Every structure is written in C-alpha cells, then in structure tokens.
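J.: Sequence:
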Amino acid sequence: MCSIVASGCCWSRTGYAWASGQSQWWDAVHAALDSIDGVTSVQLDPLRLPPDFPLALEMDAGPHDQTLFFLGADGVLTGETWVASRNVLRVNYGLNLEQPEQVRLAVVPEVRQRLHGWRWVRHEAGISQVPDYNGRAFGAAGFAVDLDPGEFLMIAPNQRADVYGMVGGAFLVQEEEGTRYDSYVFLHADMNDVAYRD
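Taking this note's numbering, the leading residue of the sequence shown gets 1, the next gets one more, and so forth.
Since the hints were derived computationally from the structure, they do not count as laboratory data.
Just so we're clear, the structure is a prediction, and the values are computed from it rather than from any experiment.
No residue lacks a Cβ here, since even glycine has one placed at the ideal position from N, Cα and C.
A portion of the hints provided could be inaccurate.
Here are the in silico distance ranges between beta carbons for each label pair [said to hold, decoys possible]:
id, residue 1, residue 2, range
1, Ala28, His64, 33 to 43 angstroms
2, Ala73, Asp37, 33 to 43 angstroms
3, Ser128, Pro46, 35 to 45 angstroms
4, Ile127, Leu95, 15 to 25 angstroms
5, Glu124, Val163, 31 to 41 angstroms
6, Gly72, Gly135, 16 to 26 angstroms
7, Trp120, Leu95, 37 to 47 angstroms
8, Pro149, Gly72, 27 to 37 angstroms
9, Leu47, Gly150, 39 to 49 angstroms
10, Thr78, Gly150, 31 to 41 angstroms
11, Gly38, Pro149, 33 to 43 angstroms
Make the full structure from the sequences, and use the hints.
T.: Right, here's the structure in full:
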C-alpha cells in the first residue's frame with residue numbers, strides 16, 4: 001500500500017501513522033484490503049457536521065480497563081490506568097484559510113470514561129448537547145492534515161504499535177485468541193454550502 005501514498009508522516013513514539021491518498025486510488029485500496037483473509041469492513045453513512053464540531057470515532061466495542069503510556073517530544077514517559085474506559089479518535093474539520101479549497105482535518109486520540117449526565121459543546125453553528133465524560137486527550141499525539149478535494153486520509157498502526165500501552169497499539173490493535181487484528185481508519189471530507197463573510 002505504500003506505493004499509493006501521496007504524502008504522510010509517521011510518529012514512531014505514538015504507535016500509529018497517517019497518510020493521504022487520491023480518490024482514484026480508493027477502489028484499488030478497497031480491493032486490496034478486501035482480499036485479506038478474515039478482514040471485516042464497516043462503512044458508515046456520510047455525516048453532515050458544522051465546522052469545528054468534534055466527531056468521536058469510538059475504537060472499542062465496549063468499555064475496558066487499560067493502562068496507556070505516552071512518550072512526549074521532551075522524552076518524558078507518562079502513563080495512567082483507566083478503568084471502564086473507551087478509546088476515541090476525536091476528529092474536527094475546518095477550512096485551511098491559506099488554501100480555502102482544502103479541508104483541514106485534525107485528529108486527536110482520547111481515552112474516555114462515561115459519566116452521568118450531559119454537557120454542552122459550542123461550535124460555529126451554535127451549541128449542541130453531548131454525553132458527559134471524564135478522560136484525557138493526547139494532544140501531543142494528535143495531528144492535522146490539509147486534504148485537497150478528492151483526497152482521503154488513512155490512519156493505521158505503525159511498527160511501534162506492539163509496544164505495550166502505546167496509544168497506537170491501544171487504539172488500533174486488538175488481540176483475540178492469540179490473533180492480532182489491526183484497524184485502519186479511512187476518512188474522506190468534503191466542504192459544501194460554505195458561507196463567506198465580508
């Protein structure tokens with residue numbers, strides 16, 4: 001699959017990598033993934049969201065206990081144990097103000113523990129109610145990428161994902177009955193009905 005990558009960056013300290021690709025490659029990518037024995041594919045219906053509204057992609061089937069570690073750019077290793085938690089990729093989008101035809105996707109891994117009640121989230125289109133939770137966003141492990149029209153984003157575990165407790169492995173790798181399963185996340189974003197202000 002490396003031959004189809006247009007651009008990308010890899011953070012070895014997080015255990016995951018990202019790459020962008022052109023939409024004309026998608027059929028070949030999809031066919032290659034479907035040819036893997038035992039692959040399971042889930043395609044979500046398109047969503048319409050206001051800019052900067054956080055979309056949470058839950059990476060777990062249910063809450064579980066886990067210990068997560070993160071090695072910061074300063075070389076300091078931090079870790080915490082999370083009981084009955086879920087791993088989430090928080091995705092936001094907006095315009096690249098320097099190149100308005102591009103969509104800027106920001107992805108931040110988070111761990112969340114569900115609390116009782118709801119909270120309000122403010123965004124450009126107003127205020128929305130979302131479930132309340134306790135958690136931690138791994139901002140230093142997040143990234144932002146500018147996508148041209150027709151490009152898609154892939155997020156996948158990298159060679160460090162098998163290190164115990166690293167974010168990439170905890171979010172994108174599962175082991176069941178001695179078999180490792182890697183998750184690949186593909187995102188495609190389009191901007192439409194954009195109102196320009198004078």
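J.: Against each hint, give a clear statement of whether it holds in the structure.
T.: Hints and how they fare:
1. Ala28 / His64: 33 to 43 angstroms: For Ala28 and His64 the Cβ distance comes to about 35 angstroms; the hint holds.
2. Ala73 / Asp37: 33 to 43 angstroms: Since Ala73 and Asp37 have Cβ atoms about 39 angstroms apart, the given range 33 to 43 angstroms holds.
3. Ser128 / Pro46: 35 to 45 angstroms: With Cβ atoms ~18 angstroms apart, the hint is violated.
4. Ile127 / Leu95: 15 to 25 angstroms: Holds - the Cβ-Cβ distance for Ile127 and Leu95, about 21 angstroms, lies within 15 to 25 angstroms.
5. Glu124 / Val163: 31 to 41 angstroms: 39 angstroms, holds
6. Gly72 / Gly135: 16 to 26 angstroms: With a Cβ separation near 18 angstroms, Gly72 and Gly135 satisfy 16 to 26 angstroms, so the hint holds.
7. Trp120 / Leu95: 37 to 47 angstroms: 24 angstroms, violated
8. Pro149 / Gly72: 27 to 37 angstroms: Since Pro149 and Gly72 have Cβ atoms about 35 angstroms apart, the given range 27 to 37 angstroms holds.
9. Leu47 / Gly150: 39 to 49 angstroms: Violated - the Cβ-Cβ distance for Leu47 and Gly150, about 18 angstroms, lies outside 39 to 49 angstroms.
10. Thr78 / Gly150: 31 to 41 angstroms: Cβ of Thr78 to Cβ of Gly150: about 39 angstroms, so the range 31 to 41 angstroms holds.
11. Gly38 / Pro149: 33 to 43 angstroms: At 34 angstroms between Cβs, range holds.
The structure is inconsistent with the numbered hints 3, 7 and 9, although it conforms to all the rest.
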